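A.B. asks: Here is how the chains run, residue by residue.
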Amino acid sequence: MATRHDTAAPPAKEGGAAPGRPPADAVPEQERRRRARLSRRWQRDVRWSPYAFVSPFFLLFVAFGLFPLVYTGWASLHQVELTAPTDMNWVGLRNYTRIFDDDFFWNAAKNTLTIGIISTVPQLLMAMGIAHILNYKLRASTFYRVAMLAPYATSIAAASLVFVLLFGRDYGMINWALDFVGVDPVDWQGDKWPSQIAVSSIIIWRWTGYNALIYLAAMQAIPQDLYESAALDGANRWQQFFHVTLPSLRPTILFTVVVSTIGASQVFGEPLLFDANKGASGGAEHQFQTLGLYLYEQGWVNQHLGRASAIAWTMFLILIVIGIVNYVISRRLRASS
Amino acid sequence: MRARIRTARKAMVLAAAASLGAGLLAGCADDGKDDGSDSSNGGGKGKTTITLGLFGTMGFKEAGLYSEYEKLNPNIKIAENVVERNENYYPALLNHLTTNSGLQDVQAVEVGNIAEIVNTQAAKLEDLSKVSGVNKSDWLDWKWQQATTKDNQTIALGTDVGPMAICYRTDMFKQAGLPTDPAEVAKLWAGDWAKLVAAGERYQGKAPKGTTFMDSPGGLLNAILSSEKEKFYDSSGKVIYKTNPAVKKAFDLTAEAAEKGLLGAQTQFQPAWDQTIANNKFAAMACPPWMLGYIKGKSKPDAKGKWNVAVAPQSGNWGGSFLAVPKNGKNVEEAKKLVAWLTAPEQQAKLFKVQGSFPSAQAAYDMPEVTGAVNDMTGDAPIGKIFSEAAKQIPLQPIGPKDQIIQQGLTDNGVILVTKGKSAEEAWKTATKTIDNNLDQ
Numbered sequence: 385m386a387t388r389h390d391t392a393a394p395p396a397k398e399g400g401a402a403p404g405r406p407p408a409d410a411v412p413e414q415e416r417r418r419r420a421r422l423s424r425r426w427q428r429d430v431r432w433s434p435y436a437f438v439s440p441f442f443l444l445f446v447a448f449g450l451f452p453l454v455y456t457g458w459a460s461l462h463q464v465e466l467t468a469p470t471d472m473n474w475v476g477l478r479n480y481t482r483i484f485d486d487d488f489f490w491n492a493a494k495n496t497l498t499i500g501i502i503s504t505v506p507q508l509l510m511a512m513g514i515a516h517i518l519n520y521k522l523r524a525s526t527f528y529r530v531a532m533l534a535p536y537a538t539s540i541a542a543a544s545l546v547f548v549l550l551f552g553r554d555y556g557m558i559n560w561a562l563d564f565v566g567v568d569p570v571d572w573q574g575d576k577w578p579s580q581i582a583v584s585s586i587i588i589w590r591w592t593g594y595n596a597l598i599y600l601a602a603m604q605a606i607p608q609d610l611y612e613s614a615a616l617d618g619a620n621r622w623q624q625f626f627h628v629t630l631p632s633l634r635p636t637i638l639f640t641v642v643v644s645t646i647g648a649s650q651v652f653g654e655p656l657l658f659d660a661n662k663g664a665s666g667g668a669e670h671q672f673q674t675l676g677l678y679l680y681e682q683g684w685v686n687q688h689l690g691r692a693s694a695i696a697w698t699m700f701l702i703l704i705v706i707g708i709v710n711y712v713i714s715r716r717l718r719a720s721s
Numbered sequence: 006m007r008a009r010i011r012t013a014r015k016a017m018v019l020a021a022a023a024s025l026g027a028g029l030l031a032g033c034a035d036d037g038k039d040d041g042s043d044s045s046n047g048g049g050k051g052k053t054t055i056t057l058g059l060f061g062t063m064g065f066k067e068a069g070l071y072s073e074y075e076k077l078n079p080n081i082k083i084a085e086n087v088v089e090r091n092e093n094y095y096p097a098l099l100n101h102l103t104t105n106s107g108l109q110d111v112q113a114v115e116v117g118n119i120a121e122i123v124n125t126q127a128a129k130l131e132d133l134s135k136v137s138g139v140n141k142s143d144w145l146d147w148k149w150q151q152a153t154t155k156d157n158q159t160i161a162l163g164t165d166v167g168p169m170a171i172c173y174r175t176d177m178f179k180q181a182g183l184p185t186d187p188a189e190v191a192k193l194w195a196g197d198w199a200k201l202v203a204a205g206e207r208y209q210g211k212a213p214k215g216t217t218f219m220d221s222p223g224g225l226l227n228a229i230l231s232s233e234k235e236k237f238y239d240s241s242g243k244v245i246y247k248t249n250p251a252v253k254k255a256f257d258l259t260a261e262a263a264e265k266g267l268l269g270a271q272t273q274f275q276p277a278w279d280q281t282i283a284n285n286k287f288a289a290m291a292c293p294p295w296m297l298g299y300i301k302g303k304s305k306p307d308a309k310g311k312w313n314v315a316v317a318p319q320s321g322n323w324g325g326s327f328l329a330v331p332k333n334g335k336n337v338e339e340a341k342k343l344v345a346w347l348t349a350p351e352q353q354a355k356l357f358k359v360q361g362s363f364p365s366a367q368a369a370y371d372m373p374e375v376t377g378a379v380n381d382m383t384g385d386a387p388i389g390k391i392f393s394e395a396a397k398q399i400p401l402q403p404i405g406p407k408d409q410i411i412q413q414g415l416t417d418n419g420v421i422l423v424t425k426g427k428s429a430e431e432a433w434k435t436a437t438k439t440i441d442n443n444l445d446q
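Each protein sequence line maps, in turn, to chains A and B.
Take 385 as the starting number for the first sequence in my numbering and just add one per residue.
Take 6 as the starting number for the second sequence in my numbering and just add one per residue.
No lab work stands behind these hints: they were computed from the structure.
There are no misleading hints in this set.
Quick list of in silico lysine-lysine cross-link-like pairs, BS3-like style, CA-CA up to 30 Å:
| no. | chain 1 | residue 1 | chain 2 | residue 2 |
| --- | --- | --- | --- | --- |
| 1 | B | Lys438 | A | Lys576 |
| 2 | B | Lys303 | A | Lys662 |
| 3 | B | Lys265 | B | Lys438 |
| 4 | A | Lys576 | B | Lys265 |
| 5 | A | Lys662 | B | Lys434 |
| 6 | B | Lys434 | A | Lys576 |
| 7 | A | Lys662 | B | Lys438 |
| 8 | A | Lys576 | B | Lys286 |
| 9 | B | Lys425 | A | Lys576 |
| 10 | B | Lys253 | A | Lys662 |
| 11 | B | Lys243 | A | Lys662 |
| 12 | A | Lys576 | B | Lys247 |
| 13 | A | Lys494 | B | Lys438 |
Pairwise CB distance ranges, derived in the manner of DEER restraints:
| no. | chain 1 | residue 1 | chain 2 | residue 2 | range |
| --- | --- | --- | --- | --- | --- |
| 14 | B | Phe274 | A | Pro635 | 47 to 53 Å |
| 15 | B | Asp381 | A | Phe448 | 48 to 54 Å |
| 16 | B | Val87 | A | Gly707 | 40 to 46 Å |
| 17 | A | Gln608 | B | Ala283 | 57 to 63 Å |
| 18 | A | Phe451 | B | Gln446 | 21 to 27 Å |
| 19 | B | Gly242 | A | Ala542 | 38 to 44 Å |
| 20 | B | Ala283 | A | Pro535 | 28 to 34 Å |
| 21 | A | Gly707 | B | Lys434 | 34 to 40 Å |
| 22 | A | Pro440 | B | Asp156 | 48 to 54 Å |
| 23 | A | Ala561 | B | Pro96 | 36 to 42 Å |
Please read all numbers here as calculations on a predicted model, not as lab measurements.
Virtual Cβ for every residue (Gly too), placed ideally from N, Cα, C.
Work out the full structure: start from the sequences and follow the hints.
C.D. replies: Below, the structure written as structure tokens:
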């Protein structure tokens, strides 16, 4: 190692007992060299050490993020089965072109969109309302805030199983309650819209509290004097909410919309566990099969690794498009404010 | 000074990393060596440990078979490694086989997966037909053939089978004016599934309120299909499910029964289906021996003794497992001996007595454990006799690698729709479209 050699070199001079001072110009020369060396090392340290410190993440990312990405990209160009992953047959873009007339893919895409809408919109509206209420001075407010987060902390599996029982056609509690008010039993799993609403309700139940807390945090950061001056101007609670709270929350709302959109496009656990057939088909007529579920069905149930990879990549591209749209909209909004 | 500390530290980190790495490597190497030296001679103090990879409760341990074998072979220790559900167990097994690592000495295979294993993984498994003590004639012929490749390698030995009969509620049959004695009940539909549906119509005419004749479309379709000589694949391995008239006939008959309201609108093994058992909502179901245990588990205590078992119109099989020995295991020779012993007729009979898994060795059918078997759900009906008769008549039906996917499509994306008001034609269309998409590689 070069460094060790360098630092080990000087001792004879420094430790030497000779009283005679070394030549006057030699010391500064050596000292200067030493300083220059140290400074170079310092600069190198400053320059490269951060990379070393962040490298663990990127090494892991390469192993568990980039490699799978590249590998699925490669697999998506082949006909390959999970039973023999090394046995690949080149098929070019066939796995992609067939997606265009794959009714199941587009059905899943449509379901993902509709479930996304009927779960995200009410969820964010409710979260906003709840956050507004929690923002008042309440007794035991910490209790309510923690309680809001409880669904989020519950595992999807446990929650979905309970919801499956609630939404049962013959023995479910919801149909039982509907029966009381004279409504005919609804086939929550078999019919298209009821099943999508049921799946959405699981998602809403899980994520509303989480979003409410984010909104609440943002609301508490709004300066109190804004409300005071609004009150002085004669604005009532609702006017204050619309003209003070909402504008101040704009960045936060954008954030939750982006996060929820990404979440909605990847919905998987809820419909999987809501499926009465225990497969990934999303109901007898695929009425609540999402893209995530379809990908899983192709890859892990039918074991068509190549097709599943192509679906994964198509989903990835769709997500990028959604991301760009989000970015454009948020820039417009920021510019207008 | 600063630099020196840093280099020293760097050296220490390097040393630590190096020793850790070396330790890990050594750890791996150690594992291999220990087991290797253990297994080769079994001498000294070291016992050979044979590991089994199983799914669910297969009952070998519960029936005391491990301890019996360990007593017979003092140098052997047996350890099992159980994954609760086959849908978690099987993908891992495939993974281990394709990468040739992480395999146990013995691996169990479910009947639904055996065709895929035979077709794609045979090269990685030992041929068990030539192990001493293994007699092909002990097994039911169709069971033996299921695990045999085209070039006559038998890569797994059968443990249990699921010969199907029709279980029915004597009290509900009586209320509906049907006979209750098993022999007479069997006569109602002997030889023809259509007669079973006709009997269902008779039942439905005077049925106790709110009940259906059978439990679910999936159960009936499965029973009819498994009694056919050919189902979804022909013997050359070609997919024929759409052109095989037997499949369409079974589908249409089930759809007809569903249209007439003879079948509960349930998917089997779902909570709602369990509740129809508990609430006595149907009078009959296709059932292999293990189903009696399931019924018992879901029933209220007052259902005890009210069930009986009659011969099905035609015999079919539902369920059963195999044991295979991977070539890459650590104790291949010892594992082969163990598998041969565990699947021998005597052991299968013991397993039946304790666990209710019906023997796949026909040699066991004359043993007292089987002939004398009774079950408290069915009173003193001689279930051992009925099920062994059924087992012997099960056709040798070629099973294909994607049988499960096809059957699930026909059931869960097909006949179930008829109970929800769709026509049989629409249901068939949805089913075949789903299946074709799922089969397309």
